[in-house]
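Undergrad: Chains C and X, in that order, are what the protein sequence lines are. Take the first sequence: its position 3, counting from 1, is numbered 3 in the numbering used here, and each next residue is one higher. Just add 160 to the spot in the second sequence (first one is 1) and you have the numbering used here.
These are calculated hints, taken from the structure and not from any lab test. Beta carbons: idealized from backbone N, C-alpha and C, even for Gly. Please note: incorrect hints may appear among the correct ones.
[Stated by the list, open to error] Chain C side only, calculated, beta carbon under 7 angstroms to chain X, not exhaustive:
(1) Ile-17
(2) Asp-19
(3) Thr-22
(4) Thr-157
(5) Ile-158
[As the list claims (entries may be wrong)] Quick list of in silico lysine-lysine cross-link-like pairs, DSSO-like style, CA-CA up to 30 angstroms:
(6) Lys-535(X) x Lys-11(C)
(7) Lys-11(C) x Lys-315(X)
(8) Lys-11(C) x Lys-451(X)
(9) Lys-48(C) x Lys-451(X)
(10) Lys-325(X) x Lys-315(X)
(11) Lys-325(X) x Lys-7(C)
(12) Lys-421(X) x Lys-465(X)
(13) Lys-48(C) x Lys-535(X)
(14) Lys-315(X) x Lys-141(C)
(15) Lys-55(C) x Lys-535(X)
(16) Lys-7(C) x Lys-315(X)
(17) Lys-453(X) x Lys-11(C)
(18) Lys-488(X) x Lys-4(C)
(19) Lys-453(X) x Lys-7(C)
(20) Lys-68(C) x Lys-11(C)
(21) Lys-11(C) x Lys-506(X)
(22) Lys-315(X) x Lys-48(C)
(23) Lys-325(X) x Lys-11(C)
(24) Lys-86(C) x Lys-68(C)
(25) Lys-451(X) x Lys-4(C)
(26) Lys-451(X) x Lys-40(C)
(27) Lys-535(X) x Lys-4(C)
[To be verified] Distance windows between CB atoms, simulated:
(28) Ile-125(C) x Leu-217(X): 24 to 34 angstroms
(29) Glu-10(C) x Glu-356(X): 48 to 58 angstroms
(30) Ser-178(X) x Lys-7(C): 33 to 43 angstroms
(31) Asn-188(X) x Ile-51(C): 27 to 37 angstroms
(32) Cys-468(X) x Gly-156(C): 27 to 37 angstroms
(33) Ala-232(X) x Gly-156(C): 51 to 61 angstroms
(34) Arg-223(X) x Asp-52(C): 57 to 67 angstroms
(35) Gly-384(X) x Ser-41(C): 54 to 64 angstroms
(36) Lys-141(C) x Tyr-240(X): 26 to 36 angstroms
(37) Arg-546(X) x Ser-60(C): 57 to 67 angstroms
(38) Ser-41(C) x Pro-177(X): 54 to 64 angstroms
(39) Asp-457(X) x Val-145(C): 21 to 31 angstroms
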Amino acid sequence: MNVKILKLLEKNARMEIADIATVTSLSEDEVRREISEMEKSGIIRGYKGVIDWEKVDSSSVSAIIELKVTPTAGLGFEEVAERIAKYPAVESVSLMSGACDLTVVVTGKTFQEVSLFVAKELALIDSVTSTATQFIMRRYKEFGVELINNEEDGRGTISL
Amino acid sequence: MIDYSKILAKTVVEIKPSGIRKFFDIANTMEDVISLGVGEPDFRTPWQIRSAGIRSLERGQTRYTSNRGLDALRQEISKYVERKYSVSYSPKSDILITVGGSEAIDAAIRAITNPGDEIIIPEPSYVCYEPMTRLAGGVPVIINTQAENEFKLTKEELLSAITDKTKALILPYPCNPTGAIMDECDLSAIAEVLRERDILVISDEIYAELTFGSKHVSIASIPGMRERTVMINGFSKTFSMTGWRLGYACGPAEIMKEITKIHQFAIMCAPTTSQYAATEALRACDEEVEKMKEEYDARRKIIVKGFCDIGLECREPKGAFYAFPSIKSTGMTSEEFCEKLLYAKKVALVPGTAFGESGEGFVRASYCYSVEHIKTALTRIAEFLRQI
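Based on the provided sequences and hints, a complete structural model is requested.
TA: See below:
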């Protein structure tokens, strides 16, 4: 396991192997091997692009749903969480401290589609006792990447 | 009609304007220019520091501080310098907080220079030392450091520049633009000469925290040197606080008294908000600095390898955030190379000659940019090299 490589990939999953090698002072083969091992062992679970869908002309709506769940004997929240995670529309599932038990992020094409998913799929799961849906109106920052364009700061020419 | 050429101060008029300025004025009129020219961190000032500044504004702490600067800040500086560089300075009498390292250098030169005094300046180095020396009535004596010596200042070079008029040496390490550092050995060698010939040192250590693979050593920590050294440092580069304009000078009380006089009349005090913010920086931001340094190190490795891969000899810089590759293999002068590169491929590099004659045949590329930005620039430079 190589934490330095992990940090580089987390910042930029498309960083070239040659550059990772230069920065970590390893050979390209060593870098490939390390990455492959970490992928196999599940430390690296995937590589995703950070897209600002608002700039794209396609409709996409996301919502954060707070679920209250009755845990099942012996399995706690695991069973429900794992079941919810299987839905393609579900982007993330997290077990929470505090008032709600699970937070689920769902993405769909329209408000209606997402609402129907909550009402017809999530709410009907046996152990789910209540749902509270909040729609995401606008994303400003995602995975550490700012999505807003900074204004010109009017600094003028800096020489030196 | 006023004839301004007759009324302005001769010394000032005779100082050549910075060569870099005209270059960037041109670059700024062009579109799609990839610059590796600016010598300023691209990181935002760490949030804790900004927050401390904002809090001080909210509390209405917007009035003058004492000339020397906030007590609390001078105490933190004293602790910091002791901890990092093993030199002791009393917060009360040995430390002055200035408007950037720039003001500290200027005031220090003015405090020690009598008309006609010679001030030794190793080059290639930052462009302010020569003009400041002239403005103070001093005579700059340039030493052309050599690539073969990794642009360090050697004992022999120093000896050959000393005359009976020599008052001080300006020691800019880690160095802009060469990225050179002087280790304990290098410093001890010149310290011997400086003590023997009774020469003062103005040590510009603004890049002290940006050293790679070794810890910065201040010449003030070498035996016998504290009493003759003004150590200058600041917050711009270490903490990404360039716009806050804050630096400091440390030295023997008698010298600091005179430097403070100049500061008192010309400046009053350094910006108050910046002083509050900087106090927090020294107290709590070691980790942030480490993170930025790691990022610089990654970019440093990439840019050096990048230049070597495209056929431009580039030694590994051990400090600051500049690479100084040689363009001698192209047969062009530094200025020619940079100008042609700018017009042909819209990449802005700074000609080495902007930093002194000994910079001829070199160009300065700063790595205060993202890896992607640096790689794009290198790709275009490679294309340019293939075309010529």
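Undergrad: For the hint 27 to 37 angstroms, verify it against the beta carbon of Cys-468(X) and that of Gly-156(C).
TA: holds, 35 angstroms
Undergrad: Quick check on a hinted range of 57 to 67 angstroms for Arg-223(X) and Asp-52(C), using CB atoms only.
TA: violated, 45 angstroms
Undergrad: Cβ-Cβ distance between Ile-125(C) and Leu-217(X): within 24 to 34 angstroms?
TA: At roughly 52 angstroms between Cβ atoms, Leu-217(X) and Ile-125(C) fall outside 24 to 34 angstroms, so the hint is violated.
Undergrad: Can you confirm whether the C-alpha distance between Lys-488(X) and Lys-4(C) stays at or below 30 angstroms?
TA: violated, 36 angstroms
Undergrad: Was the hint right that Thr-22(C) lines chain X, CB cutoff 7 angstroms?
TA: The hint holds - Thr-22(C) has a Cβ within 7 angstroms of chain X, the shortest such distance being about 5 angstroms.
Undergrad: Range first: 21 to 31 angstroms. Now tell me if the beta carbons of Asp-457(X) and Val-145(C) are that far apart.
TA: Because 23 angstroms falls inside the window, the suggested range holds.
Undergrad: Measure nothing beyond the straight line between the CA atoms of Lys-7(C) and Lys-315(X); if it is 30 angstroms or shorter, mark the hint as holding.
TA: violated, 44 angstroms
Undergrad: Given the hint of 48 to 58 angstroms, is the C-beta distance from Glu-10(C) to Glu-356(X) inside that range or not?
TA: holds, 55 angstroms
Undergrad: Tell me if the straight-line CA distance from Lys-315(X) to Lys-141(C) falls inside 30 angstroms.
TA: violated, 54 angstroms
Undergrad: Please verify whether Lys-453(X) and Lys-7(C) have alpha carbons no more than 30 angstroms apart.
TA: Between Lys-453(X) and Lys-7(C) the Cα gap is close to 15 angstroms, so the pair holds against 30 angstroms.
Undergrad: Does the hinted range 57 to 67 angstroms hold for Arg-546(X) and Ser-60(C) at CB?
TA: violated, 44 angstroms
Undergrad: Would you check whether Thr-157(C) satisfies its interface hint, that is, whether its CB is within less than 7 angstroms of any CB in chain X?
TA: At 5 angstroms from the nearest chain X Cβ, Thr-157(C) passes the 7 angstroms test, so the hint holds.
Consistency note: the structure conflicts with the earlier hints numbered 1, 7, 11, 12, 14, 16, 18, 20, 22, 23, 28, 33, 34, 37.
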